[in-house]
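Colleague: Protein chains in written order, with numbering that gives the first Met the number 0: chain W, 0 to 384; chain C, 0 to 173.
No wet-lab data here; the hints were simulated from the structure.
Please note: incorrect hints may appear among the correct ones.
[Unchecked claim] Listed below are several chain C residues computed to face chain W (Cβ distance under 7 Å; list not exhaustive): (1) L13; (2) N14; (3) I16; (4) H44; (5) H48; (6) V55; (7) L58; (8) E99; (9) I127; (10) E129; (11) S130; (12) R138.
[Stated by the list, open to error] Among the chain W residues that face chain C by a calculated CB cut under 8 Å, a handful are: (13) H59; (14) D226; (15) R345; (16) A354.
No residue lacks a Cβ here, since even glycine has one placed at the ideal position from N, Cα and C.
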Amino acid sequence: MENLYPPIVDGKSVYDLDSQKYLKMWQGPQHPGVTGNMSLELDISGDQVVKCKAHVGYLHRGFEKLMERRRYINCFPIVCRICVPEPDTNEYLFAAAMEDLLGLDIPERAKWLRTLNLELSRLASFVMWLGGQSGAFGMGTVAQWCLAHRDYVLDLFEEWTGARIYHMYMTPGGVRGGLPEGWDAHAEKVLDGIYKLLDEIRHVMFNNAIFKQRAKGLGVITPDMFDRFGIVGPNVRGSGSTRDIRKDTPYLIYDQLDFEAVTEQGGDVYARAKVRWREVYQSIDLIRQILKNMPRKGPLHITLPNVLHLKVPAGETYVRAESTRGEYGYYMVSDGSEYPRKVTVRGPSYTHAMALLEHLAVGVNTADVAGLMVSLHTYPPEIER
Amino acid sequence: MQELLDNLKELYALNGITLRNPSLAWAEVTPERLVGLLTQLRDAHGFTHLVLMTCVDWLEDGRFQVTYLLHNYTTRQDLGLHVYVGRTASELPSIHTLWEQGRVYQQELHEMFGIYFPGSPGLGEPMILESWDGPPPMRRDFDTRVYSEETYSHRQRTHHEPEQHMKDRLYPED
């Protein structure tokens with residue numbers, strides 16, 4: 000077979016676009032095959048990608064800069080907007096970082112409610128992702144089922160917190176309220192629906208010959224790449240690793256729940272899809288465990304001094320949690336004033352969508368780039384913050 | 000953790016060691032010894048995961064604090080390294096050969112703070128701020144409000160008192 004790759008001169012590949020052998024193609028920023036507002040600059044030869052460059056900056060709102068000029072509690076409504084499909088991880092981590100610097104411990108019941116909130120948002124995000132992954136391979140029906148069921152989860156959030164997307168529920172010091180009456184029954188109905196949906200997805204997506212053929216062997220992540228690229232979450236669990244922050248360094252009440260990290264072998268798009276599909280089962284199980292065991296009485300919030308004039312002791316900390324995409328972290332520096340000196344958000348997409356995607360996309364058929372990108376589960380706002 | 004830091008303290012002239020909790024510590028190292036220390040931590044002590052790289056601008060001290068946070072998957076410990084550089088003509092050694100994502104972090108720090116990392120691929124290319132010609136915007140002395148007031152003109156707007164305005168429009172004779 001003819002060598003498609005361009006010649007390398009001085010360590011850089013050289014293209015002659017006039018030779019008509021290579022074509023520059025932009026995928027994004029407005030493209031159904033790109034997750035969120037970012038774009039991929041693809042150099043292709045025939046149908047094969049020979050070089051990929053990820054471009055971000057279409058969604059830069061300067062969250063970290065905004066936070067430097069706001070009091071801690073004023074930052075709180077900003078942080079959830081860093082990730083639309085799964086905002087609760089941001090809320091939890093911002094609150095947790097603040098509580099760590101202040102040396103606060105929140106009530107037991109608030110910990111259970113926070114875990115329930117996080118697990119429910121993981122469920123919603125995973126269900127939406129399953130739709131995205133199937134849609135990227137041309138199975139639009141599954142995408143519509145998934146979006147409908149995600150909306151049922153959003154209904155639960157609305158009933159519980161009053162908001163569908165940005166809940167602003169886990170305020171520093173605890174949570175805003177308990178579960179409304181009858182919520183458990185509604186939740187059980189939604190979980191039951193998703194449970195049935197997962198079986199349908201197994202038939203339509205995972206047993207689909209076309210999906211299998213396209214997803215198997217695509218975008219393989221090998222164990223030696225884990226630390227070289229900083230890969231985390233389901234992307235490493237699809238390659239046989241058991242790294243899961245909920246299990247390894249438990250936070251909130253995850254140590255009181257019974258679960259095992261989900262792993263698959265193979266490291267390709269199919270294995271990663273299988274991991275996330277199985278994690279939906281796990282999330283459903285965890286939500287049922289939490290609802291069964293959580294305390295129904297007790298304080299929800301500790302008493303804080305006037306939060307508008309709250310001075311956080313000087314120091315710095317880093318807290319992390321397992322989001323649907325892997326390690327999510329907040330690095331917070333305080334200089335002892337009422338304003339945070341620096342808040343850095345460590346989103347898993349930062350490494351997945353930039354260095355890793357640029358590496359994995361080389362040699363892939365252009366039609367599979369969308370499926371590959373979705374399989375890494377990336378959200379651009381985490382990159383540009 | 001304390002033992003590891005004690006061992007490395009002499010060799011790499013570590014300063015300001017703070018143990019925040021049993022699994023999280025901060026230490027300060029000089030730019031010259033940074034890459035050596037990072038390599039040793041990665042290859043000999045199991046700190047294989049570069050969690051993040053970021054910069055804190057201490058404007059009043061006239062210096063940047065660049066933080067490298069490493070994680071050890073075996074012992075579940077985090078070690079944050081601080082490197083201080085001056086705010087003018089700041090330059091740090093590049094770590095793109097140790098971790099692939101180091102290149103992206105360095106590109107961002109170059110764009111947002113103006114720190115130079117010699118040898119880092121694609122450093123001069125814009126990452127987020129395409130066609131930006133202002134100063135590095137994440138520096139603390141960059142005031143977003145002042146910049147927008149100087150750069151963009153105010154939209155010409157006229158304000159009407161609703162009651163009077165509707166009266167004038169509907170019943171001009173009255």
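Colleague: For every hint, state whether the structure bears it out.
Modeller: Against the structure, the hints:
1. L13: Violated, because the Cβ-Cβ distance from L13 of chain C to chain W comes to roughly 16 Å (cut-off 7 Å).
2. N14: This hint is violated: N14 of chain C lies away from chain W, its Cβ roughly 15 Å from the closest one there, beyond 7 Å.
3. I16: It is violated, given that the least Cβ distance between I16 of chain C and chain W is near 14 Å, above 7 Å.
4. H44: 13 Å, violated
5. H48: 5 Å, holds
6. V55: V55 of chain C check passes; min Cβ-Cβ to chain W is 4 Å, inside 7 Å.
7. L58: Violated - the Cβ of L58 of chain C stays beyond 7 Å from chain W, reaching only about 10 Å at its closest.
8. E99: 4 Å, holds
9. I127: Result: holds, 4 Å to nearest chain W Cβ.
10. E129: 6 Å, holds
11. S130: Constraint on S130 of chain C not satisfied, violated at 10 Å.
12. R138: 10 Å, violated
13. H59: For H59 of chain W, the interface hint holds, since the closest Cβ of chain C sits about 5 Å away, which is under 8 Å.
14. D226: 4 Å, holds
15. R345: Where the cut-off is 8 Å and the nearest Cβ of chain C is about 4 Å from R345 of chain W, the hint holds.
16. A354: 4 Å, holds
This entry does not satisfy hints 1, 2, 3, 4, 7, 11, 12, going by the numbered hints stated previously.
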